[in-house]
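Enquirer: Here are the chains, one letter per residue:
There are 2 protein chains.
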Amino acid sequence: MITFNVGPSKVYPELEIFLQNAYNEGILSMAHRGVAFGEMMKKTLALLSQKLNIPPNYTIVFASSATECWEIIPQSLTQERTYHIFNGAFGEKWWKYASNIHLKTEKIALDISEILNLEKVQTFLTFTERRGGKIQVLDEHELICLTHNETSNGSKIPNKTIEDVFNNYPKQLIAYDCTSSMAGVALPWNFGDVWYASVQKCFGLPAGLAIMVLSPRAIARMKERNDRKHYNSLLPMYENIQKYQTTHTPNVLGIYLLMRVLEKLPNIVETEQMVQTRAKAYYNAVIANKRLELLVSHQEMRSDTVIAIKTTPENLTEMKYITKKEGIEIGNGYDIWKENTFRIANFPALDVEEVEKMTRILQFF
Amino acid sequence: MITFNVGPSKVYPELEIFLQNAYNEGILSMAHRGVAFGEMMKKTLALLSQKLNIPPNYTIVFASSATECWEIIPQSLTQERTYHIFNGAFGEKWWKYASNIHLKTEKIALDISEILNLEKVQTFLTFTERRGGKIQVLDEHELICLTHNETSNGSKIPNKTIEDVFNNYPKQLIAYDCTSSMAGVALPWNFGDVWYASVQKCFGLPAGLAIMVLSPRAIARMKERNDRKHYNSLLPMYENIQKYQTTHTPNVLGIYLLMRVLEKLPNIVETEQMVQTRAKAYYNAVIANKRLELLVSHQEMRSDTVIAIKTTPENLTEMKYITKKEGIEIGNGYDIWKENTFRIANFPALDVEEVEKMTRILQFF
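Going down the list, the sequences are from chains W and D. Mapped onto this note's numbering, the consecutive letters of the first sequence carry residue numbers 1 to 365. Mapped onto this note's numbering, the consecutive letters of the second sequence carry residue numbers 1001 to 1365.
Think of the hints as simulated: they come from the structure by calculation, not from any bench. Computed from a predicted structure; not experimentally measured. Among the hints, a few may not be true.
As the list claims (entries may be wrong) - Where chain W lies over chain D, by a calculated footprint (3+ residues, C-beta under 8 Å):
{"no.": "1", "stretch": "1029-1037"}
{"no.": "2", "stretch": "1157-1165"}
{"no.": "3", "stretch": "1196-1208"}
{"no.": "4", "stretch": "1224-1235"}
{"no.": "5", "stretch": "1262-1275"}
Said to hold, decoys possible - The calculated PhoX-like cross-link candidates involving lysine-lysine, where the alpha carbons are at most 25 Å apart (straight line), are:
{"no.": "6", "chain 1": "W", "residue 1": "338", "chain 2": "D", "residue 2": "1243"}
{"no.": "7", "chain 1": "W", "residue 1": "93", "chain 2": "W", "residue 2": "338"}
{"no.": "8", "chain 1": "W", "residue 1": "96", "chain 2": "D", "residue 2": "1229"}
{"no.": "9", "chain 1": "D", "residue 1": "1096", "chain 2": "W", "residue 2": "243"}
{"no.": "10", "chain 1": "W", "residue 1": "107", "chain 2": "D", "residue 2": "1229"}
{"no.": "11", "chain 1": "W", "residue 1": "104", "chain 2": "W", "residue 2": "93"}
To be verified - Computed from the model, here is a short list of chain W residues facing chain D with C-beta under 10 Å:
{"no.": "12", "residue": "27"}
{"no.": "13", "residue": "191"}
{"no.": "14", "residue": "200"}
{"no.": "15", "residue": "224"}
{"no.": "16", "residue": "226"}
{"no.": "17", "residue": "228"}
We treat Cβ as the ideally placed atom computed from N, Cα and C, and that holds for glycine.
From just these sequences and the hints, can you work out the full model?
Expert: This is the structure in structure tokens:
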């Protein structure tokens, strides 16, 4: 079965060998306070920076899942609120986790048909500022939460918006949920402060590990907040990673597999080119097919890595039947889009033949 | 290299095949909300109950690490305090995590030379009761934290004490850190409410997964507390496991490997017999050797699964040299015992030849 599921998704075929190597090299028994682990961690961090073009002054730490990052960010980087702008289920869930931590957390839900641009962000933030009174809102010590790639509906935030928001809000931190885009497209690191993802999407790895990338401004804020209260407080995570260690026994095998996959990957610029070419082919096939429709109407809001396609419930049943017969598993629609959409992962681990097969199905459906 | 390190430690040799199977069976891409995952989870829970003799009315959930359990327990099961009795570094760390959550958390540190019996527990709890005034202390809504097996110094809590404490404190919950004993010895489940461990010790598995076993009383308390505030709140974990799911994408591979290892394991009664026979041989070898001494003086306090041995710093250097030459890695002493002790894992995954080799080294050192 070829899985086009949006995650956990297809892993790189080299994993078969890497797992054997892990067993033979004693990775499964590796002491997480030992020299060998430190060297592995150092190499993994260097490879992440090198292959994903992460600026050298940014810090990388590991968590268990992107869901855990939803908690870590408001907990360790903000004083009393975060600002959430989203158009889908995962952005909303992040807001929910954050609002458990800070009662004063603010949100706005956009429609899938809207373009997320600077104006929308400004309108929302001005509104909350007016509502809350000048003292409390748009605090310099707070943080704006955005979903770079919304896995539930296949929308993304255009790079132009990311740059505009950064330039217009130079005092607030800006965090991006890149669960299903990191390692698939080149992220504009310098225009954001916190970027996180889990490895079971574009990294082509098994689930159980998340990566969080932090700007020097985020690190400064973390130190100022000085939160050490929690199992997953960022400060002890940061202090440990300086010594190439973790706060507790991590998923050592997961880190090893990440290192091995990164070694063989090309630079993200090359991967992005491939991903975008494939995305274009998928989108063109859907646009040309009268039985199918794109869920995201505005071209600049369409994700490169998750393609969400709308159709009738009858057509959806037929599409599932056809793909299954071809040995392909597609992703179901999510939440309110369950009955009339499906999703296709455009993750780099899928190979040329698989992508061509899927594209043909969309063309000739 | 044969690792007698106390964790991450030797994995079962079948892991080599299980990892290949995982790749071939598509476990690395398995959707954690799908039917196949639910079936795997159901089977894993049934195997845990069956092989470890967990009472059928107890609930099993998964976390990322035993360290995470240190936080979950005070967070989701207590109102304003926990009571900690320990004699080593990991028991103390648990207290530290708990005291970050509840300011009123109470602790007593025993000496390694003391026997932990009911009297000691009573003295401590009576003391805190007197100090705090009758209203606030020994609240029926709180919890006693004990380290069943202290990995840092090779001590355990005798079963007699576990039974006595349960019978004398029927209203408080009692939680046991079994990080390095679960799946190595038979735990007296009915005499405790929360039992947790990570899989990289006696389960013979790679790190990145923890198991938490809860009594019906613990579940009732959890519902009464109704904590949903956190990423790792117990209530949503519990609700999800009723549907054989997890709150977020878990370490799917880790759960699969656990299932496969459990399938091939004998019942815990049989494993315990083997572990205790081996422990006896180790202890006898050390007692007979004038250059070595046991760190834990009282026989009933000596762990079955972690053997801590004291010697001079010079002898320690020699021991490390000899074991290394024999292809054996031993565990360093921990914390205040770093300079003059070493630790040997007596975990079930070690095979007869390895254990005999290690026993001979201790005999003829």
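Enquirer: Tell me the hint numbers this structure goes against, listed in increasing order.
Expert: 2, 5, 13, 15 and 16
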